[in-house]
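Visitor: Residue-level listing of the chains:
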Amino acid sequence: MYGRKVKLRFFFVVLLSLSLILSVYLVLKSLEENVVYFKSPSDVKQIGELKNKKIRIGGMVKKNSIEIINNQVKFIITDFKNEINVTYSGVIPNLFSEGKGVVAEGHLRDRSFFEASKILAKHDENYMPPEVKEAIGENK
Amino acid sequence: MLKFLEPNKIFLITSKAPKYVMALFIVVLSLGLIESLILSPEDYKQSHSVRIMYVHVPAAWISLGIFSSITILSLSGFIFKNKHFFLIAKSLAPSGLVFNIIALVTGSIWGKPTWGTWWAWDARITSMLILVLFYLMYLLAWRIYNDKEQVFKITTIITIFGIINVPIIKYSVDWWNTLHQPASINILSKSTIHSSMLFPLMIMTAAFALFSLLIFLMKYNTELIKIKNKGLDRL
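For the protein sequence lines, the chains are B and A, in the order given.
Here the first sequence is numbered in my numbering, starting from 5 and rising by one per residue.
Here the second sequence is numbered in my numbering, starting from 1482 and rising by one per residue.
In short, the hints are calculated from the structure, not lab data.
Incorrect hints may appear among the rest.
Unchecked claim - Some chain B residues judged to face chain A by a derived CB distance under 8 Å, without partners named:
| no. | residue |
| --- | --- |
| 1 | L22 |
| 2 | L24 |
| 3 | Y41 |
| 4 | R113 |
| 5 | I123 |
| 6 | A125 |
| 7 | K126 |
| 8 | P133 |
| 9 | P134 |
Stated by the list, open to error - Straight-line alpha carbon distances no greater than 25 Å define the calculated SDA-like cross-link-like pairs of lysine to any residue that follow:
| no. | chain 1 | residue 1 | chain 2 | residue 2 |
| --- | --- | --- | --- | --- |
| 10 | A | K1629 | B | Y6 |
| 11 | A | K1651 | B | N38 |
| 12 | B | K137 | A | F1561 |
| 13 | A | K1526 | B | P134 |
| 14 | A | K1526 | A | S1676 |
| 15 | B | K122 | B | S44 |
| 16 | B | K67 | B | G105 |
| 17 | B | K104 | B | E129 |
| 18 | B | K137 | A | S1677 |
| 19 | B | K104 | A | K1634 |
| 20 | B | K137 | A | S1530 |
| 21 | B | K104 | A | I1625 |
| 22 | A | K1526 | B | P97 |
| 23 | A | K1562 | B | V18 |
| 24 | A | K1671 | B | E129 |
| 25 | B | K9 | A | F1561 |
| 26 | B | K122 | A | N1658 |
| 27 | B | K122 | B | S93 |
| 28 | B | K58 | B | V95 |
| 29 | A | K1634 | A | N1702 |
| 30 | A | K1564 | B | F14 |
| 31 | B | K122 | B | I51 |
| 32 | B | K33 | A | S1530 |
| 33 | A | K1526 | B | K58 |
| 34 | B | K58 | B | K9 |
As the list claims (entries may be wrong) - Residues of chain A clear of chain B, computed beta-carbon distances all greater than 12 Å:
| no. | residue |
| --- | --- |
| 35 | M1503 |
| 36 | S1550 |
| 37 | V1654 |
We treat Cβ as the ideally placed atom computed from N, Cα and C, and that holds for glycine.
Take the sequences, apply the hints, and build the full model.
Guide: See below:
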């Protein structure tokens, strides 16, 4: 149906795409450590040796865990399997609240204690008006 | 092959269509703006910042859609040696680039009040930035090379490289931990956006799509006039 040249060009495109997809996959696979924006508390538990390197930890702010003493905020980041205590002093984003996502950037003091130098609130994928949120809340 | 792609016949359509598309665009955009800025509710968590989403998300969708279209057109043009496909792809590219930049800028404006930062090097945002670079490379290639055959080959290669980034953008939020939230609108599972917010989002998407169509028609018209009058870019 199609000429020989058309078929050859088609195979050229297919082969080029396949080899590119494979190489991009391999590159991303080996760089996974750097592609992820933050580690979860469970990932932190698995770190072999603690390095004094800046890292990001993300998860949910545990309910009833926020304590404010002077200028310092203390809270717990949880992924519902493991937890990490975080201390932080500085500007808190508006959306930072209990039961919501958070990403903290800073240094790990030990496996369950994290000193944050920056806090980012992570927004989830739920969008709804306040009345709907209340209605859902009442049903629970 | 593809007789209907003959410049003269297309020119009849592309020279008349823009004013109708423009009228429709203005109507749909006004409706979309009224819906998204006035009638739609504020979000329970982020209050009025949610309105940025009505520009951000459609812009991102359109930029991804246009890049995919450019790739399909360039590949078809390359495989079947049809030059019209390349011209259509070329005319589509500028509005794709503009919407890609709009998505990044509005995302940044949204990020500051909600996340607490203008920019984060997470997988979603970085891969969108890479898409901007591919758009720029694509458009530059058209300007750099005078030999049309050369342009066709190089732009095809650029789109093949660039299209691999598109599924990475789409699934980055599922494959890796990112600061960017996962998709709220899912075809297979339940969407996590309330219908009162989904409606303005869809209208705005339609408005942006019409705008892209309008710019495309104008650009393509120019390409056809170039062929007709000067014979410089004779196909």
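Visitor: All hints, please: hold or fail.
Guide: Consistency of the hints with the structure:
Nearest Cβ of chain A to the Cβ of L22/B: about 11 Å, over the 8 Å cut. The hint is violated. Contact between L24/B and chain A, as hinted, is supported at the beta carbon level, the nearest pair being about 6 Å apart and thus within 8 Å. At a threshold of 8 Å, the smallest CB-CB gap from Y41/B to chain A is about 4 Å, leaving the interface hint in force. Against a cut-off of 8 Å between C-beta atoms, the interface hint on R113/B is violated, since the closest Cβ of chain A lies about 22 Å away.
Because the smallest distance between the Cβ of I123/B and any Cβ of chain A comes to about 7 Å, under 8 Å, the interface hint for this residue holds. Contact between A125/B and chain A, as hinted, is supported at the beta carbon level, the nearest pair being about 6 Å apart and thus within 8 Å. For the restraint placing K126/B at the interface with chain A, the shortest Cβ-Cβ distance is roughly 6 Å, inside the 8 Å limit, so the hint holds. Hint status for P133/B: holds, given a least beta-carbon distance of 3 Å to chain A, under 8 Å.
At about 4 Å, the closest approach between the beta carbon of P134/B and any beta carbon in chain A falls short of 8 Å, and the interface hint on this residue holds. Between the alpha carbons of K1629/A and Y6/B the distance comes to roughly 24 Å, so the proposed pair stays at or under 25 Å and holds. About 19 Å separates the Cα atoms of K1651/A and N38/B, which keeps this hinted pair within 25 Å; it holds. For the suggested pair K137/B and F1561/A, the alpha carbons sit about 54 Å apart, so the restraint of at most 25 Å is broken.
About 8 Å separates the Cα atoms of K1526/A and P134/B, which keeps this hinted pair within 25 Å; it holds. For the hint pairing K1526/A with S1676/A, the CA-to-CA distance comes to about 16 Å; that is within 25 Å, so the pair holds. Simply put, K122/B and S44/B have alpha-carbon atoms about 16 Å apart, close enough for the 25 Å limit, and the pair holds. A threshold of 25 Å between alpha carbons decides the hint, and for K67/B with G105/B the separation of about 11 Å falls inside it, so the pair holds.
Distance hint between K104/B and E129/B is fulfilled; the C-alpha atoms sit about 12 Å from each other, no more than 25 Å. For the hint linking K137/B to S1677/A, the alpha-carbon distance of about 13 Å falls within 25 Å, and the restraint holds. Note on K104/B and K1634/A: the hinted pairing is violated, with a Cα-Cα distance of about 49 Å set against a maximum of 25 Å. Restraint check for K137/B and S1530/A: the C-alpha separation of about 17 Å stays at or below 25 Å, so the hint holds.
Of the pairs offered as hints, the one joining K104/B and I1625/A is violated, with about 50 Å between alpha carbons and a cut-off of 25 Å exceeded. Restraint check for K1526/A and P97/B: the C-alpha separation of about 13 Å stays at or below 25 Å, so the hint holds. Taking the CA atoms of K1562/A and V18/B, the gap is about 16 Å. The hint holds against a cut of 25 Å. Under the criterion of a C-alpha separation no larger than 25 Å, the hint pairing K1671/A with E129/B is consistent with the structure, at around 12 Å.
About 9 Å separates the Cα atoms of K9/B and F1561/A, which keeps this hinted pair within 25 Å; it holds. Between K122/B and N1658/A, the direct Cα distance comes to roughly 18 Å. Compliance with the 25 Å bound is thereby established for this hinted pair. This hinted pair checks out: K122/B and S93/B have alpha carbons roughly 8 Å apart, not beyond 25 Å. Our distance criterion of 25 Å between C-alpha atoms is met by K58/B and V95/B, whose separation comes to about 19 Å.
For the hint pairing K1634/A with N1702/A, the CA-to-CA distance comes to about 23 Å; that is within 25 Å, so the pair holds. Among the hinted pairs, K1564/A with F14/B is consistent with the structure: their alpha-carbon atoms are about 16 Å apart, no more than 25 Å. With a C-alpha separation of about 21 Å, the suggested pairing of K122/B with I51/B holds against the 25 Å cut-off. As the CA atoms of K33/B and S1530/A are separated by approximately 35 Å, the hinted pair breaks the 25 Å bound.
Between K1526/A and K58/B, the direct Cα distance comes to roughly 30 Å. Violation of the 25 Å bound is thereby established for this hinted pair. For the proposed pair K58/B and K9/B, the alpha carbon gap of about 55 Å is over 25 Å, so the pair is violated. The beta carbon of M1503/A is kept farther than 12 Å from every beta carbon of chain B, the shortest such distance being approximately 31 Å. Non-interface status of S1550/A relative to chain B is upheld: no Cβ of that chain comes within 12 Å, the nearest being about 16 Å off.
The Cβ of V1654/A does not lie farther than 12 Å from every Cβ of chain B; its closest approach is about 9 Å, which violates its non-interface assignment.
Violated hints, in rising order: 1, 4, 12, 19, 21, 32, 33, 34, 37; the structure is consistent with all others.
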